[in-house]
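Chains as they are written, first to last, in my numbering: chain A, 25 to 445; chain B, 25 to 445; chain C, 25 to 445; chain D, 25 to 445.
Some clues are possibly wrong.
If chains are identical, the list can't say which one is meant, so a pair holds when it fits in one copy or spans any two.
[As the list claims (entries may be wrong)] Below are the DSSO-like pairs computed for lysine-lysine, each with C-alpha atoms no more than 27 Å apart in a straight line:
#, residue 1, residue 2
1, LYS365, LYS27
2, LYS364, LYS222
3, LYS306, LYS188
4, LYS115, LYS363
5, LYS274, LYS364
6, LYS274, LYS363
7, LYS274, LYS188
8, LYS261, LYS27
9, LYS222, LYS59
Derived by calculation from the structure, the hints in this document are not laboratory data.
4 protein chains.
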Amino acid sequence: MNKNIAPMGWNSWDCYGASVTEETVRANARFMAEKLKVYGWEYVVVDIQWYEPKADSHEYHPFTELCMDEYGRLMPAENRFPSSAGGQGFKPLADYIHSLGLKFGIHIMRGIPRMAVHKNLPVYGSDLTARQIAKTDSICAWNTDMYGLDTEKGGKAYYESLFKLYAEWGVDFIKIDDICRELPHCEAELIAVSEALKGCGREMVLSLSPGPALLSEAELYKQVSNMWRITDDFWDKWEQLYDMFERAEKWCIHAGAGHFPDADMLPIGPILQDYDKDNRTKFDRYELKTMMTLWSIFRAPLMIGGEMTGFDDFTMSLVTNSLLLQMHADVRHSHPVWKKKINGREHIVWMGCGAAGGYYVCVFNTSETEGEIFLPMSDLELADSNLTYTECWTGETGRCGDGINVRLHRHSAKAYYLQQG
Amino acid sequence: MNKNIAPMGWNSWDCYGASVTEETVRANARFMAEKLKVYGWEYVVVDIQWYEPKADSHEYHPFTELCMDEYGRLMPAENRFPSSAGGQGFKPLADYIHSLGLKFGIHIMRGIPRMAVHKNLPVYGSDLTARQIAKTDSICAWNTDMYGLDTEKGGKAYYESLFKLYAEWGVDFIKIDDICRELPHCEAELIAVSEALKGCGREMVLSLSPGPALLSEAELYKQVSNMWRITDDFWDKWEQLYDMFERAEKWCIHAGAGHFPDADMLPIGPILQDYDKDNRTKFDRYELKTMMTLWSIFRAPLMIGGEMTGFDDFTMSLVTNSLLLQMHADVRHSHPVWKKKINGREHIVWMGCGAAGGYYVCVFNTSETEGEIFLPMSDLELADSNLTYTECWTGETGRCGDGINVRLHRHSAKAYYLQQG
Amino acid sequence: MNKNIAPMGWNSWDCYGASVTEETVRANARFMAEKLKVYGWEYVVVDIQWYEPKADSHEYHPFTELCMDEYGRLMPAENRFPSSAGGQGFKPLADYIHSLGLKFGIHIMRGIPRMAVHKNLPVYGSDLTARQIAKTDSICAWNTDMYGLDTEKGGKAYYESLFKLYAEWGVDFIKIDDICRELPHCEAELIAVSEALKGCGREMVLSLSPGPALLSEAELYKQVSNMWRITDDFWDKWEQLYDMFERAEKWCIHAGAGHFPDADMLPIGPILQDYDKDNRTKFDRYELKTMMTLWSIFRAPLMIGGEMTGFDDFTMSLVTNSLLLQMHADVRHSHPVWKKKINGREHIVWMGCGAAGGYYVCVFNTSETEGEIFLPMSDLELADSNLTYTECWTGETGRCGDGINVRLHRHSAKAYYLQQG
Amino acid sequence: MNKNIAPMGWNSWDCYGASVTEETVRANARFMAEKLKVYGWEYVVVDIQWYEPKADSHEYHPFTELCMDEYGRLMPAENRFPSSAGGQGFKPLADYIHSLGLKFGIHIMRGIPRMAVHKNLPVYGSDLTARQIAKTDSICAWNTDMYGLDTEKGGKAYYESLFKLYAEWGVDFIKIDDICRELPHCEAELIAVSEALKGCGREMVLSLSPGPALLSEAELYKQVSNMWRITDDFWDKWEQLYDMFERAEKWCIHAGAGHFPDADMLPIGPILQDYDKDNRTKFDRYELKTMMTLWSIFRAPLMIGGEMTGFDDFTMSLVTNSLLLQMHADVRHSHPVWKKKINGREHIVWMGCGAAGGYYVCVFNTSETEGEIFLPMSDLELADSNLTYTECWTGETGRCGDGINVRLHRHSAKAYYLQQG
């Protein structure tokens, strides 16, 4: 992991929910390797319920049977992931993805399977049994698969048995769920997860869900993980996108050096599974630019949520905009400058510094009508007086002078790179 | 059930926790029949975990095995209740207790055993299975045996299967747990329990736990049950006893006509299991009188918590005081009159009317030192001017005149019956 | 004051707001003496701002001039109360009302006039000045006349100077405002008021406003005052009337022996000043009966709010119903029995005991449609089996038997007196 | 006002409370002009109660007399500010301070004097009177001088009359009190103040008190004022200093371009009036450096609170450290990097960018013992690999390499300037 760039990749949830298959994962990995890898996209992540044979949608099946090994560790459902047959787990799939020059990730739930507890299975590499370490009052509020673990009774041993297995498989990215907004209740368990991962012998990105994370716990998230969700599931609704400005404002100072507030997947292109039925993102093109711009200047992880093989040209342009992705990789110290109404239209300005010089300035029209504003250079407090700009979406260039006139469609954004000359 | 008198009986929890045996229950039933029945005591109630073979204390064993029939209904552990062998359940024990002229009760938990859900057992008398009706996010906070039931998915059918069985056994009293302070969350389930019981063909007292019940739900408790806990577990500590005055004040107007706020068991005599090791109640004799007096004028259910065969003479005097038990049976409209400091000592006065005439007036010294107060008759607003009194604990009698001088040891109480003449 | 009966009288607020005149007060006093005194009505109370020459409505005039003596004690505005001329204060008016066999009351605000503080007037009977005893951060939220008093700096001296004056005038009833729901903030000041009154040498009823009072302070209200408002201003709206059932439920056990929860004035007949313009109560006849019935069984003070000289026959029937007023005077231990829906209509039942024998049972139909219910005697837990009833509004009589069929119009009530025979 | 640098100056409160005199103000102004002006210090601000003749300490005198003109505008007490005699107000003193090349500021309270309201004085430049525009329920919680103003009734006119007068006097800085943490309650009044100031024809810094300001109102503070208090009064206690790190973290992104979160005055040198009696700051030298460092990187206004003529050499070194003051003037985008325990000692790191190039990095040891940490360059995400540092307090220089070893006394700080080379 390049610690100065928030992770970029693809995640199966937005499109496939609990039911993605190996075939789909491989197809998307191939697409990423051919078309997107060069822009920096690299992680391919299989989301929740890969161990459930009957998973068939975004819904969970209460109390359903899960695939486990004799130590209560969940295993890929062979009917969905054929290469895992014979106890090989995700190793064959990870090997394939690595062969494409990409990295492989999986989703896990906090805790140990309830059936492992009721069957009282032994914990690999320890003298403990599942019943001894399960936490009696700790269940997930929305999924019936697991019990939490009691770290005072040795629960960390189970996480160690997990990460040993994942290291053997070649996993590069762990998205662990039911452990982020659950602080401080789950603090001991989160620390156990972090320590077990650090001790497993393989570097993996650690991503925490679900959001909203607690701002008061920012330093803890930064120390134990690489990214943490600052919002509940993000979908293609303007209200949720608008709300992200406030979340980003609160969290922006905590991005950097291997730890990034996570604004969730990008619901772009075909999403929600049956994409031949036109379940394409409901965001319009302006809103999509606003989303990509905010995520980029905020240094949020960029995880594509849609089925990539179904991307149209416009969607491809969102994820292959080199100037925008340069901002995402290069910007430092980004933060909002102001939010105010000008001629009745609310605009928001963010700025940040380029690690390699220059400045990034993003302007958002969050109102319901198109309009133009003048952004005075004095609002940015820059020492340089002789600056030019390049806008990331339009490519337009110019001199900054006393300020920039910015014309924006409703719900749209522009992202300027300012440099000497 | 005599709807004008709050239930009176014995419950196994205070002394035996989760581990009472049939032998102990029979011994206490015999004792009650011989020594206490004549004073109105009648219910013999087996508390929690009678279906757990390994139960051995007041502690719960997480995720332990429970005895169930093929429909997921819990059955007595035969090692603890030998007469239940051969699938007879509690019928032989209930028959024995009925033969003594007493009534039999059991404790149950809200919901269906988790193992019945994970095994997906069928629900007796319906086409449903356990997995279909279990509520996914509903577990007890302190016991791992059950899942709650989803009434919108047919969960009531399981309660119907339970009460049918209990009616066959001859159960007279159900103490259902994890369903009282859990309102309004568990309201639908509570109503389902009440309806299932009313439809089972046998009258049973319905007792709700745990407390504290919600005052805002008083009318619901009154309509669906016969008693409901207004406090968490009550033990032999003055702080808890003192606190009960405030609880009783809030709930007193809701006692009567088959529905009684429940102040929990009476921790008297040997409690906490190993009674040969002198685990006798920590209340002193004054506090015990205060407790018996408050419970009686407040019309709380009187459920003995100690091992009755180990009662000494003083303890026997607490449960065989005819005047006090007359107040418990006869008093109506009882409520506090005032609480105030007199000469630096806090006293509390309660009063009520006798259904058969006369008045009951109780005076409590809740301060830390002995003292005497004058209780003016005018505080009681009685029309009669020619009253005499009899005190329940001392038997002393006298004329009321303008008022009564009441001398009380710290933490002690007196209970007066006032009548014409 | 008969301590077993909540005060009954007339108050100028509902009809005249801040602007009642001596002429009106005298006219109402004459009417009360002639027509209502025989039923128990006795207090004639002049409400707020009698010291303000320009008062003209229910509105307050911020920072307006007030009439004061040289010790900062407010004096009747002579243009409104001519008999007070020459520094006689309310003595001539009180004398007149006493001559009619009635009692006289006034409203005061907590604290000392702001102008007395800014002028730094001396406090009668002490060495203190107004500036020394005013509490710097204590003003009324809705009236600009006064500053609160700091009891730690001698503020009680000002209250002593007030009550000395009121005793000289012959005041029988003090309604003090801005000091009831303000607990615990104003506790020290309330106690100072109570002690100053008790030391003044004349018995006066002490009535606290505004509501809602704090239930947690019930014992304090009982010890320092005779009545305290349990609601904010009560007007002729069904929502407020319906809401009073819940307030009465919470407070009912605190009524009696000289201390009564106060449900505010009765907005009956002509109210809101210009009564020739038909500003008559918006309550219909059923709701008026409901109000009179609830106030009576709850033992609330009965203070007429309308202009009595404009009462029509129906309004007169509300305040001259001997059976109902007997219940108000005679009932003890009253409380709700239940509130539930029967055939979709919510009904509420209250009951109480007669000090002189018998029982009172009130039934309210709080639903939106007319209907009939059967009230089983068993709900009342009465020992007597041979009871007859008399209904207070209709006069109908009958035998109780197993219960009573009660037919009620929407928002209406019946009040039964049950007795042997 | 240079909008890129937070205001720097002296304020009379910390040392003189409510009772500073013209003589003292002139002496401090002369000292500043001679010794500190060259470092950027320029504002001389007279704090609260300059209109009160009897002011004599940090205490307020309830309901005391204030000097006013015939329009209810407060005027300097001539016994304390002799040059104001003859209705000249602060003009002579402002002229004097301007003659030294400095700027002059005063403190005002939100609202209009209560005596102006009770006397119903006319409002200069309008047809309104004080009584018409005073807000009836709006007083300050800790000072009895004023009533708030009702903007819906024309209250802004009074603020216009004030700023017109202050512009005539030559005021450059207004610290307005009782209007900052009072949002949103006082929002309308705050906007009226801002508009009145902008319309008065003279530029003045607008400073809002008291704190803590509301983070949710950040954009409003930024738009209407130049600085706003983020804390209640700050004094020389480590707990308050430590607490400021968290406040600064929340507010840091809102500093810049003419709007600065205000961490209150610097309690350095002689404070609390009787400085000959050794009422010097209780902060030790390490804590003073921590304070100066945090205020500087956070871009807080720097307002000296102590009596400058009594500064010793060390105190002078705090306010004449050119490197530190360069950071205060030059730093942009500053924010915390992390807070964590290293070897059991909590350290905090902040960083920012230089407007003229380079970076600023501050390290704080907030633990109770001395220790050394290694600060890796990778935590700072800098692109440059060939950096040197200069430390502001010690002057030590070196190469950054992979990181810097930082040794710090308990409660102490270092401030590094990093640049190419």
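Hints, one by one, checked against the model:
In this assembly of identical chains, LYS365 and LYS27 lie within 27 Å of each other by CA distance solely across copies; the values are 21 Å between and 37 Å within a copy. For the homomeric pair LYS364 and LYS222, the shortest alpha-carbon distance between copies (18 Å) is at most 27 Å, but the shortest distance inside one copy (45 Å) is not. With identical chains, the CA atoms of LYS306 and LYS188 are never at most 27 Å apart, being 41 Å at best within one copy and 53 Å at best between copies. In this homomeric assembly, LYS115 and LYS363 never come within 27 Å of each other (Cα to Cα): the closest approach is 49 Å inside a single copy and 39 Å across copies.
Proximity of LYS274 to LYS364 under the C-alpha cut-off of 27 Å is found in both arrangements, the shortest distances being 17 Å within a copy and 20 Å between copies. For the identical chains of this complex, LYS274 and LYS363 are neighbours both inside a copy (14 Å) and across copies (17 Å), given an alpha-carbon limit of 27 Å. Neither within a single protomer nor between protomers do LYS274 and LYS188 lie at most 27 Å apart by alpha-carbon distance, with minima of 36 Å and 40 Å respectively. For the identical chains of this complex, LYS261 and LYS27 are neighbours neither inside a copy (31 Å) nor across copies (39 Å), given an alpha-carbon limit of 27 Å.
Proximity of LYS222 and LYS59 under a CA criterion of 27 Å is satisfied in neither setting, with 33 Å inside one chain copy and 56 Å between copies.
In summary, the numbered hints that this structure violates are 3, 4, 7, 8 and 9.
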